[in-house]
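Enquirer: The lines below spell out each chain.
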Amino acid sequence: MNTSAGASEKNQAAETGGAASYFSALWAVIWKDLAAEWRSRELLSAMLVFALLVILIFNFALELDALARNNVTSGVLWVTFAFAGTLGLNRSMAVEKDRGCLDGLLLAPVDRSVIFFGKAISNLVFMLVVAAIVLPVYSILYNVNLFRPGLMLVIFLGSTGYVAVGTLLSSMAVQARTRDILLPILLFPVAIPLLVAAVKASAGFLQALPIEDIRPWLNLLGVYDVIFIAVAFMVFDFVVEE
Amino acid sequence: MDGPANTMVYMIAGYAVIFTVLLVYLISLVIRWRNLRQEEEILREIEKKS
Amino acid sequence: MMIEVRRLIKRFGPKLVLRNLEFNVAQGEFVALLGPNGAGKTTFLRILSSLSRASLGEVRIAGFSLPHQAAQVRQQLGVVSHLPLLYGELNAEENLRFYGKMYAVPALDRRINEVLKLVGLSQRRRDLVRTYSRGMQQRLTIGRAVLHNPSVLLMDEPHTGLDQDACEMLDGVLREVAAQGHTIVMTSHDLARAAGLASRFDVLTRGSIQASVQRTDLPEDGLLAFYRQALESATAARVERSAL
Amino acid sequence: MDAKPRLLTILDAVTALMMTAATIMVFAYAPMEAVMGPVQKVFYFHVAHSWVGMLSFVVAGIAGIAYLRTKNMKWDIVGLATVELGMVFMLVGIVTGSIWARPIWNTWWTWDPRLTTTTIMELIYAAYLMLRQGIEDPERRARFGAVYAIVGVISVPLTFFSIRIFRTIHPVVIGSGDAGAEGSFDMTPRMLQVFFFSLITFTVFYFDLMWHRIRLGSLAQRVEQLKLRLSE
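Residue numbers (the numbering used here), protein chains in the order written: chain P, 1 to 242; chain S, 1 to 50; chain G, 1 to 244; chain B, 1 to 232.
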């Protein structure tokens with residue numbers, strides 16, 4: 001048996017092509033999520049319809065007249081993203097869990113962080129797609145211009161932190177008996193600093209406040225992203241490995 | 001008239017809350033302890049029999 | 001030895017699921033792991049496949065030990081569980097391509113063609129997996145498991161939920177896979193099915209291997225008798241132990 | 001381990017003595033505050049409770065890390081014990097704070113950073129308990145609990161800062177802080193003595209309760225194991 005010789009060869013290959021095979025596997029995870037979603041559009045359509053419904057309900061609940069709108073737009077947007085986000089996060093993990101695909105991913109000879117980052121990035125894409133559709137709709141419905149580069153930055157930073165924590169927590173939630181209700185309960189309290197900062201920063205850009213007033217919130221968003229990506233990266237192994 | 005405000009009621013309420021909650025928690029500890037001991041004994045009996 | 005397991009113990013809380021299990025499989029063997037429900041077959045297979053950790057004991061696969069060299073072990077393993085591990089919204093080819101990238105399979109396109117031919121799904125390669133019958137899914141699952149040419153193939157009840165015809169087709173695929181020199185461990189509670197496939201039969205009950213026999217040493221139609229005897233002696237041993 | 005350890009009995013006695021002493025000090029030794037009157041006396045125990053609540057959540061994070069490193073079930077019992085205690089103490093902290101705020105700030109509730117943060121902490125640990133409830137397998141329950149405790153304890157300071165950027169009206173008791181905050185006061189030496197004595201007393205009380213709660217946790221674990229073994 002040439003197993004040992006073959007192994008050392010394989011080791012060498014892993015060392016030289018480590019980064020390349022890491023990113024090829026990472027891309028494979030992202031690609032299969034996006035391709036599957038492109039076929040069924042199950043998750044995105046659910047997220048979108050839900051997001052639009054939330055905005056509609058806010059319209060009547062808050063009587064979004066022109067004056068009120070300026071103040072609450074960022075709040076309404078982030079509540080919408082957060083709710084639609086949990087919907088997507090839950091579903092995207094449940095799909096893996098139900099057909100045993102999570103085991104399939106874990107069986108692959110790749111670092112666990114590939115699975116985490118792959119799922120997180122595809123979740124991020126879903127959230128950004130929802131945002132990309134909600135923003136123009138909101139702009140038209142309420143006649144406000146939401147297309148400001150600052151706001152885009154905030155949405156990107158906020159969504160990044162949200163999916164980092166959300167992917168970690170959803171991979172725990174789907175393994176619990178109460179999985180359908182658990183994710184928002186786990187996610188919202190730890191995402192509060194992120195949501196506060198995102199709402200405030202968005203409002204700042206919408207009201208065209210000077211950048212000095214917005215910077216603390218942007219910093220907070222950045223710090224949250226860095227800390228929670230690092231933490232999730234470190235503890236994800238413990239969530240998926242028995 | 002610049003003496004201390006009359007806030008005696010709030011003080012009493014505050015300490016009443018503190019001591020009540022702590023007492024309730026202590027009692028819950030004792031009750032849980034007892035129930036578990038009973039359960040443990042019953043289970044040990046069953047284990048012996050089987 | 002392709003698989004070496006020494007004094008393996010697995011406990012769930014206080015529950016001992018595997019007790020001092022010893023198990024060795026040589027290169028090219030096809031071992032059927034038989035045993036009643038709840039004997040620990042699935043748990044054992046999950047430990048071999050690196051999805052679960054042993055509480056104590058030593059597991060070596062293709063010379064690599066678990067869990068420290070899990071990545072190397074995983075490269076050597078193909079696993080078929082009772083769930084399909086396939087994505088319903090992708091077609092057969094895309095499923096294989098995805099797993100091929102995860103395993104960094106070289107010359108992937110050619111390999112995918114080979115595998116699809118092996119499991120007889122070349123015609124339906126572009127159909128979404130969710131439209132497949134249970135039998136076709138199971139064949140694709142096996143294709144997925146052998147895609148990266150693993151030296152060891154682990155299968156947990158691969159015949160579950162299949163009708164007679166599908167079982168026959170699956171058996172055909174399995175024989176071909178075995179003929180390619182893969183080492184195979186398959187759990188089953190269907191003795192007749194296992195009898196037609198495996199080269200060795202091990203009985204796992206009460207958390208350890210109670211008996212093992214080579215196909216060549218088995219009398220004609222003797223698997224059932226052998227299996228019954230193994231279970232009885234295990235029960236007798238337990239009664240003796242508890243009487244002491 | 002069934003018999004109560006001697007040291008625990010001693011600790012119980014010491015705690016009881018200190019609690020009595022602290023209570024007497026608050027009512028008989030601490031001077032009346034000139035502006036706020038008697039309600040200011042709530043402050044001694046209020047701060048002590050909040051401090052213990054904080055402490056216990058930090059311990060939960062540490063126990064979580066320790067569990068993930070060692071996989072020793074003891075740390076899981078410690079984690080659950082400290083979360084439960086933290087919830088009780090923090091609840092008292094919040095309620096007493098609210099009672100104090102009513103006459104001083106003229107409102108039961110303000111969205112000030114400390115109040116809000118502590119409330120969110122309660123929610124985080126309520127979620128922690130719900131997560132545990134949803135998982136049967138003790139080993140997985142411990143693992144997930146540990147992960148969530150770590151995530152929780154990291155998010156708390158961030159929550160605090162995020163709300164801190166809003167203007168606070170909570171008095172900063174130690175350090176100069178924003179002196180303009182309404183309801184702040186200078187502590188006389190006697191007040192300081194009572195204050196620190198309360199802090200120490202409640203810290204001792206925490207460790208005493210932890211010991212009891214860990215014993216309860218071990219007992220619960222034994223019972224669960226017995227049940228599992230019998231259901232085999």
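Please keep in mind that the hints were generated in silico from the structure rather than gathered at the bench.
Keep in mind that the hints are not guaranteed to be accurate.
Unchecked claim - Far from chain G by the CB rule (all over 12 Å, computed), these chain B residues:
id : residue
1  : Met-73
2  : Val-88
3  : Pro-138
4  : Ile-165
5  : Ile-214
6  : Leu-226
To be verified - List time: in silico BS3-like cross-link candidates among lysine-lysine, alpha-carbon distance up to 25 Å:
id : chain 1 : residue 1 : chain 2 : residue 2
7  : B       : Lys-74    : B       : Lys-227
8  : S       : Lys-49    : B       : Lys-74
9  : B       : Lys-227   : G       : Lys-15
10 : G       : Lys-117   : S       : Lys-49
11 : B       : Lys-74    : G       : Lys-15
Because the structure is a prediction, the values reported are computed rather than measured.
Note that the Cβ used here is the ideal one computed from N, Cα and C, for glycine as well.
Enquirer: So, for every hint listed, does it hold in this structure?
Expert: Hint check results:
1. For B/Met-73, the shortest C-beta to C-beta distance to chain G comes to about 9 Å, within the 12 Å cut-off, and the non-interface label is violated.
2. Non-interface status of B/Val-88 relative to chain G is upheld: no Cβ of that chain comes within 12 Å, the nearest being about 28 Å off.
3. Residue-level check failed: B/Pro-138 sits 5 Å from the nearest beta carbon of chain G, not beyond 12 Å.
4. The claim that B/Ile-165 is not at the interface with chain G holds, since no C-beta of that chain comes within 12 Å of its own (minimum 44 Å).
5. For B/Ile-214, the requirement that its beta carbon stay farther than 12 Å from each beta carbon of chain G is met, with the minimum near 18 Å.
6. In this structure B/Leu-226 is not separated from chain G by more than 12 Å, as the shortest Cβ-Cβ distance comes to only about 8 Å.
7. The straight-line distance between the Cα atoms of B/Lys-74 and B/Lys-227 is roughly 19 Å, inside the 25 Å bound, and the hint therefore holds.
8. Restraint check for S/Lys-49 and B/Lys-74: the C-alpha separation of about 30 Å exceeds 25 Å, so the hint is violated.
9. At roughly 10 Å between alpha-carbon atoms, B/Lys-227 and G/Lys-15 fall within 25 Å of each other, so this suggested pair holds.
10. Among the hinted pairs, G/Lys-117 with S/Lys-49 is inconsistent with the structure: their alpha-carbon atoms are about 60 Å apart, more than 25 Å.
11. Among the hinted pairs, B/Lys-74 with G/Lys-15 is consistent with the structure: their alpha-carbon atoms are about 18 Å apart, no more than 25 Å.
Hints 1, 3, 6, 8, 10 from the earlier list are contradicted by this structure; the remaining hints agree with it.
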